[in-house]
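**Student:** Chain by chain, the residues:
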Amino acid sequence: MSSLSLPLPPAPRAASRAAAFGQIVRNEARLVRRQPVNMIGSIGVPVVLMIIFGELPSFHQPAASLGGLTGFDAYVPIIMVLGLTMLTLLGLPGPLVSYRELGILRRLSTTPVPPSWLLAAQVVVQLGIALTGLLIVNVVSVTVFGAPVPKSPAGLALSCLLAIGGLFALGLLIAALAPTANSVNAIGRLALIPLLFFAGLWLPRAIMPAILLDISNYTPLGAAVEAIQDSVQTGFPPAAPLLVLAAYTLVFAFLARRFFRWE
Amino acid sequence: MATLDGIAAGSRELVEAPAAAGGRPAVEVAHLRKTYGTLVAVDDVSFTVAEGEIFGILGPNGAGKTTAIECAIGLRTPDAGTVRLLGLDPRADRDKVREIVGVQLQAGALPAKLRVGEILEEYRSFYRDPADVGELLEVLGLSAKRGDYYRSLSGGQRQRLSVALALIGRPKIAVLDEMTTGLDPRARRDTWELIEGVRDRGVTIVLVTHFMEEAERLCDRVALIDSGRVVALDTPASLAARARGGKSVRFLPSAPFDETLLTDRPEVSRLEHEGQHILVTGTGELVNVVILTLAAAGVTARDVQLDSSSLEDAFVKLTGKNQQKEGALA
Numbered sequence: 001m002s003s004l005s006l007p008l009p010p011a012p013r014a015a016s017r018a019a020a021f022g023q024i025v026r027n028e029a030r031l032v033r034r035q036p037v038n039m040i041g042s043i044g045v046p047v048v049l050m051i052i053f054g055e056l057p058s059f060h061q062p063a064a065s066l067g068g069l070t071g072f073d074a075y076v077p078i079i080m081v082l083g084l085t086m087l088t089l090l091g092l093p094g095p096l097v098s099y100r101e102l103g104i105l106r107r108l109s110t111t112p113v114p115p116s117w118l119l120a121a122q123v124v125v126q127l128g129i130a131l132t133g134l135l136i137v138n139v140v141s142v143t144v145f146g147a148p149v150p151k152s153p154a155g156l157a158l159s160c161l162l163a164i165g166g167l168f169a170l171g172l173l174i175a176a177l178a179p180t181a182n183s184v185n186a187i188g189r190l191a192l193i194p195l196l197f198f199a200g201l202w203l204p205r206a207i208m209p210a211i212l213l214d215i216s217n218y219t220p221l222g223a224a225v226e227a228i229q230d231s232v233q234t235g236f237p238p239a240a241p242l243l244v245l246a247a248y249t250l251v252f253a254f255l256a257r258r259f260f261r262w263e
Numbered sequence: 001m002a003t004l005d006g007i008a009a010g011s012r013e014l015v016e017a018p019a020a021a022g023g024r025p026a027v028e029v030a031h032l033r034k035t036y037g038t039l040v041a042v043d044d045v046s047f048t049v050a051e052g053e054i055f056g057i058l059g060p061n062g063a064g065k066t067t068a069i070e071c072a073i074g075l076r077t078p079d080a081g082t083v084r085l086l087g088l089d090p091r092a093d094r095d096k097v098r099e100i101v102g103v104q105l106q107a108g109a110l111p112a113k114l115r116v117g118e119i120l121e122e123y124r125s126f127y128r129d130p131a132d133v134g135e136l137l138e139v140l141g142l143s144a145k146r147g148d149y150y151r152s153l154s155g156g157q158r159q160r161l162s163v164a165l166a167l168i169g170r171p172k173i174a175v176l177d178e179m180t181t182g183l184d185p186r187a188r189r190d191t192w193e194l195i196e197g198v199r200d201r202g203v204t205i206v207l208v209t210h211f212m213e214e215a216e217r218l219c220d221r222v223a224l225i226d227s228g229r230v231v232a233l234d235t236p237a238s239l240a241a242r243a244r245g246g247k248s249v250r251f252l253p254s255a256p257f258d259e260t261l262l263t264d265r266p267e268v269s270r271l272e273h274e275g276q277h278i279l280v281t282g283t284g285e286l287v288n289v290v291i292l293t294l295a296a297a298g299v300t301a302r303d304v305q306l307d308s309s310s311l312e313d314a315f316v317k318l319t320g321k322n323q324q325k326e327g328a329l330a
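Listed in order, the protein sequences are those of chains A and B.
Numbered according to this note's numbering, the first sequence spans residues 1 to 263.
Numbered according to this note's numbering, the second sequence spans residues 1 to 330.
Be aware that one or more of the hints could be misleading.
What the hints assert, rightly or not - Covered stretches of chain A (in silico footprint by chain B; criterion: 3 or more residues with CB under 8 Å from a CB of chain B, positions within the stretch not fixed):
#1 26 to 37
#2 111 to 120
#3 224 to 233
Hint data in this document are derived by calculation from the structure and do not stem from the laboratory.
We put the beta carbon where it would ideally sit given N, CA and C, even for glycine.
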């Protein structure tokens with residue numbers, strides 16, 4: 001044992017482990033920058049949609065059918081969760097599944113750093129993209145297109161965090177279940193339409209028939225749109241959508257942990 | 001070529017190496033067993049690797065080599081048996097073992113759009129006392145590729161990068177699974193030189209390989225694994241000698257002679273005619289015996305070829321399989 005401990009200098013372990021995590025995050029961020037397709041989907045598409053809707057004069061008329069909201073106001077929360085959905089379905093699980101396919105997670109498990117760190121680093125990087133997208137849509141919708149300043153910024157922040165929680169946990173569950181990077185795309189295409197439908201992309205929640213609205217309330221995107229909409233228009237959102245999002249976060253995270261394979 | 005001081009466990013350990021050579025083994029594997037359902041991947045595998053040794057694990061495809069190695073480094077939990085790496089249990093002492101054992105697994109890729117230097121810097125940060133990236137790249141002949149994307153590397157360069165990642169933590173034990181598969185002969189030879197250089201700095205090396213030539217050239221000892229068991233464990237030369245029960249000498253006699261002169265000698269076990277040539281099989285100082293005996297009878301042996309049997313012969317004999325062909329197909 002004595003000769004074993006000899007070559008290990010008394011390094012400040014906590015600091016060096018933080019440095020190792022920092023290195024992983026740095027390389028994951030580089031990869032995102034060099035393959036910007038996910039950033040285009042999760043930041044570019046929402047911003048372009050917002051500009052198109054913002055430039056349509058009809059979208060700035062309060063409509064009785066939307067409960068007195070303008071079309072633009074009704075669509076900003078939907079556009080926000082649209083960006084998060086792209087990350088959930090592609091940005092987060094895509095790299096993780098390909099790392100498993102390429103044997104990178106396996107390689108990491110032979111080093112002092114566990115492969116879960118790579119997963120954590122992905123979450124950090126994708127969180128950065130998510131927050132950037134949300135911030136751009138929020139700031140530009142208010143400053144450029146005259147959307148109302150959120151009534152409850154705290155409620156909005158909490159709603160966004162819980163929406164990210166529920167959706168990222170879903171992304172990790174997809175990463176756990178998808179056997180190949182191609183199957184991530186297939187799952188994404190299948191899940192995208194129903195998720196976005198209940199967010200109100202084609203039929204805003206304000207004009208959804210009661211039965212669809214009830215279903216929407218219990219979907220991750222429906223609850224997220226409700227919580228964000230309320231935070232912007234009326235004040236701190238009611239407990240129901242927040243609890244729905246929190247429950248999705250816990251359940252998806254539990255299932256992802258349960259089924260995740262490292263090789 | 002750059003000095004290897006930077007990547008090996010450090011020359012300061014060399015002082016200890018002679019003492020350690022007779023002491024604690026680097027790797028101890030005892031009665032390892034691993035099954036997947038009804039499939040017995042590893043039946044009963046035991047071997048010991050001394051510090052500073054290059055130890056080869058040979059065997060046909062599906063023999064259980066990789067499973068045995070994965071159990072040995074703690075990636076898989078064996079059903080039975082014990083493993084000690086420099087006295088440590090790879091699962092109970094996981095963190096310590098990860099620090100001192102560098103592993104290159106078969107068929108591992110890396111992100112296409114990371115640069116060679118970025119990948120090495122990342123893995124370097126995982127270890128307490130890592131090698132210098134620039135030095136390691138130079139030794140591996142990858143210096144010019146430091147700024148290149150992984151996807152632009154050739155198969156050989158990717159393989160060398162993979163070996164580099166196994167060595168970046170300056171391990172005391174390096175486990176390399178099919179390290180030169182897919183390399184061209186030149187790159188393979190370069191890699192062998194590198195491995196010898198790493199060993200010369202006191203690192204223990206466990207090689208899983210398909211290539212007989214590689215095992216013969218590099219390994220101090222070889223374990224031949226077949227159907228989950230060690231069927232032979234010896235130096236490559238002894239294994240080869242065992243395969244044919246000795247060596248053989250082929251020659252063209254200058255004149256006919258009494259063959260019992262040779263077959264009566266204790267060193268000679270067999271004499272065969274191959275056209276004009278004669279093939280004598282036996283043991284000991286066979287060449288000297290043949291030439292001196294013939295000279296005493298006034299006969300000269302011309303065109304003498306010493307045909308010592310190879311590790312491949314041993315492999316075929318012990319496993320009944322032709323590894324080289326499988327290797328070429330794999």
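**Student:** Take the hints in turn and mark each one as holding or not.
**Tutor:** Structure-based check of each hint:
{"no.": "1", "hint": "26 to 37", "in the structure": "holds (count 6)"}
{"no.": "2", "hint": "111 to 120", "in the structure": "holds (count 3)"}
{"no.": "3", "hint": "224 to 233", "in the structure": "violated (count 0)"}
The structure is inconsistent with hint 3 alone, although it conforms to all the rest.
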